[in-house]
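Note that the protein sequences, when read in sequence, are chains Z and B.
Anchor point for the first sequence: position 108 equals 108 in my numbering, and the numbering is continuous, going up by one each time.
Every position in the second sequence, counted from 1, becomes a number in my numbering once 113 is added.
In the DSSO-like style, the derived pairs of lysine-lysine whose C-alpha atoms are separated by at most 30 Å in a straight line are:
id, chain 1, residue 1, chain 2, residue 2
1, B, K178, B, K124
2, Z, K45, Z, K112
3, B, K178, B, K131
4, Z, K45, B, K170
5, Z, K55, Z, K68
6, Z, K77, Z, K112
7, Z, K45, Z, K55
8, B, K178, Z, K45
9, Z, K45, B, K124
No lab work stands behind these hints: they were computed from the structure.
All figures in this text were calculated on a predicted structure; none of them were measured in a lab.
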Amino acid sequence: GDSVTQTEGLVTLTKGLPVMLNCTYQTTYSPFLFWYVQHLNEAPKLLLKSSTDNKRTEHQGFYATLHKSSSSFHLQKSSVQLSDSALYFCALSDGTNTGKLTFGDGTVLTVKP
Amino acid sequence: EAAVTQSPRSKVAVTGGKVTLSCHQTNNHDYMYWYRQDTGHGLRLIHYSYVADSTEKGDIPDGYKASRPSQENFSLILELASLSQTAVYFCASSRWGASAETLYFGSGTRLTVL
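Just chain B, with the same shape it has in the complex (with noise of 0.2 Å):
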């Protein structure tokens, strides 16, 4: 099965501050991308990647950054980390872009910014 790995797992973050929140695939899928979900409120979609090097915005791109070094590896970076940001943020990966694929997410990051 698809294997999406998430880390840290949890985070408490000050105002301000930079937060990088990580995220490898060992499935060897194109694209990744980083959804946010709040509380009541299905997942929300802030960037995505369907190549190494590359980013796209997602619905939601204002106040993070992403980065895709490697086909494997894809970071959500918040330079400004403000209480809003306060989420569960989960990684997922799909093989392409197709809209019959499947996301195979991985166990997500609690962020918590005081």
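Same shape as in the complex, but just chain Z (with noise of 0.2 Å):
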């Protein structure tokens, strides 16, 4: 079946420095990548998506190319601030329509002053 790997669990970083957020992925669709961020006590929202191969999908400063080649999705942003840290969630759709998501165990991202 479909899978999501997280490699990192928590990811503490100093505000203004780069971060990156691994996402690989097994399916025999074609995948539709997705990641969603989750701040304390709040709705997980969608915070970008891809289907396009080698393609940089980028949104509120963070960005993501999809590797088909490499099953990857990484997340990345080139300096990150206090407001980013939550908990990031990288996520798989099942190409089968219904709207399914495969979801990563999720990433923890703490920024310190």
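With the hints as a guide, bring the two chains together.
Structure, rendered in structure tokens:
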């Protein structure tokens, strides 16, 4: 079955530094990948999504590129802010037109002053 | 922006008791979902629905029932709550079930089963 792997459970950085959160996936379908962000005590919200191979997708300073050759969709930002502290989920659509998503375990990003 | 409202925000239940979690959306979306979130794990799909009066099993449906009496409302029912069902539950909606569709989540219900 489909799976999504996020290798870092917790990432702690100082404000202003770059960050990359890893996401790899396995699927037999044509992949559609998502990043959702969940701030403390809030609902998860879409950050960005893509199904286009080798095209960079950007939103709110974050960016990711889907690489089908390596089954990856890593999330990056060049300079993190305190407000970026949150739980980040990578998710994969199952390609069956049911809207069902397979989520990774999530990465908690903590940004320190 | 899409609006999904869950109630209650938190609940404490006793083992063996019945629990009903409610979800209401005002987005006119066809699809609604119930996900479960455990500490250290991602969201896992319990049940979903694409039309009123019909529900479908997700990846972890055992111990849960779902009800979709109208397009706007989707409930999750635990007939016999167990300790292992302690978790945060999220309801979500999407316009259609297409692969590219964005899910709009509610704020979650924290359920503690004692």
